[in-house]
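Undergrad: As a plain string of letters, each chain reads:
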Amino acid sequence: GAGVSQSPSNKVTEKGKDVELRCDPISGHTALYWYRQSLGQGLEFLIYFQGNSAPDKSGLPSDRFSAERTGGSVSTLTIQRTQQEDSAVYLCASSLPDGGQRVNTGELFFGEGSRLTVL
Amino acid sequence: RKEVEQDPGPFNVPEGATVAFNCTYSNSASQSFFWYRQDCRKEPKLLMSVYSSGNEDGRFTAQLNRASQYISLLIRDSKLSDSATYLCVVSRGTGGSYIPTFGRGTSLIVHP
Numbered sequence: 548g549a550g551v552s553q554s555p556s557n558k559v560t561e562k563g564k565d566v567e568l569r570c571d572p573i574s575g576h577t578a579l580y581w582y583r584q585s586l587g588q589g590l591e592f593l594i595y596f597q598g599n600s601a602p603d604k605s606g607l608p609s610d611r612f613s614a615e616r617t618g619g620s621v622s623t624l625t626i627q628r629t630q631q632e633d634s635a636v637y638l639c640a641s642s643l644p645d646g647g648q649r650v651n652t653g654e655l656f657f658g659e660g661s662r663l664t665v666l
Numbered sequence: 024r025k026e027v028e029q030d031p032g033p034f035n036v037p038e039g040a041t042v043a044f045n046c047t048y049s050n051s052a053s054q055s056f057f058w059y060r061q062d063c064r065k066e067p068k069l070l071m072s073v074y075s076s077g078n079e080d081g082r083f084t085a086q087l088n089r090a091s092q093y094i095s096l097l098i099r100d101s102k103l104s105d106s107a108t109y110l111c112v113v114s115r116g117t118g119g120s121y122i123p124t125f126g127r128g129t130s131l132i133v134h135p
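Chains as they are written, first to last, in the working numbering: chain A, 548 to 666; chain B, 24 to 135.
One should not assume that every hint holds.
To be verified - List time: in silico DSSO-like cross-link candidates among lysine-lysine, alpha-carbon distance up to 27 Å:
id	chain 1	residue 1	chain 2	residue 2
1	A	Lys604	A	Lys564
2	A	Lys604	B	Lys25
3	B	Lys65	B	Lys25
4	B	Lys25	B	Lys68
5	A	Lys604	A	Lys562
6	B	Lys65	B	Lys102
7	B	Lys102	A	Lys604
8	A	Lys558	A	Lys604
9	A	Lys604	B	Lys68
10	B	Lys68	A	Lys558
11	B	Lys68	B	Lys102
12	A	Lys562	B	Lys65
13	A	Lys558	B	Lys102
These are computed hints drawn from the structure, not numbers from a lab.
Start from the sequences and build out the full structure, keeping to the hints where you can.
TA: See the structure below:
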């Protein structure tokens with residue numbers, strides 16, 4: 548299958564520990580998004596990568612959150628000094644802008660998510 | 024005011040019923056509109072795009088009213104398998120960024 552792959556699928560950690568979540572997008576997709584979804588809540592935008600452009604980090608909730616995308620493909624979301632309120636499902640999605648344009652009007656393909664529980 | 028607002032429901036309907044969901048958005052510069060479906064503990068998946076002229080896909084009809092900044096989804100002849108959360112998604116591009124904003128979703132339960 549050539550879908551979006553995320554790992555780990557489940558992560559339980561202790562408060563104060565750092566965690567890394569990985570996303571492997573669909574091959575050829577230049578746009579990559581991270582969202583998070585808390586129980587019973589909607590999707591909250593975190594960060595957006597588009598090609599070689601500087602990422603849009605406007606959704607990151609604090610400086611404990613960071614993300615990088617190496618070689619325009621795999622992305623890692625890092626949460627430092629985790630807090631209980633960081634517990635959520637972290638969803639990665641990739642997309643291919645229409646006609647290679649920077650404005651994306653296409654479908655987002657989501658991974659199955661990484662469920663993070665901070666004790 | 025939230026950028027995308029939906030009635031969370033749940034909408035509890037019998038099989039065969041027709042049900043309609045509404046969504047409003049606050050930013051008049053929004054460019055693209057979608058309905059996604061999310062099953063329990065699963066990832067969201069695209070149900071259909073929404074066009075100004077309205078569009079239909081089988082039992083599903085989506086409408087967009089730009090003047091009122093309002094999107095709707097109509098499901099006819101509901102099936103048990105339609106039970107899910109339906110997410111309204113609105114996107115706009117600014118300065119090279121294109122960020123789809125998701126509503127909190129409307130829960131649909133179809134019962135026998």
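Undergrad: Report the numbers of all earlier hints that the structure fails to satisfy, in ascending order.
TA: 7 and 13
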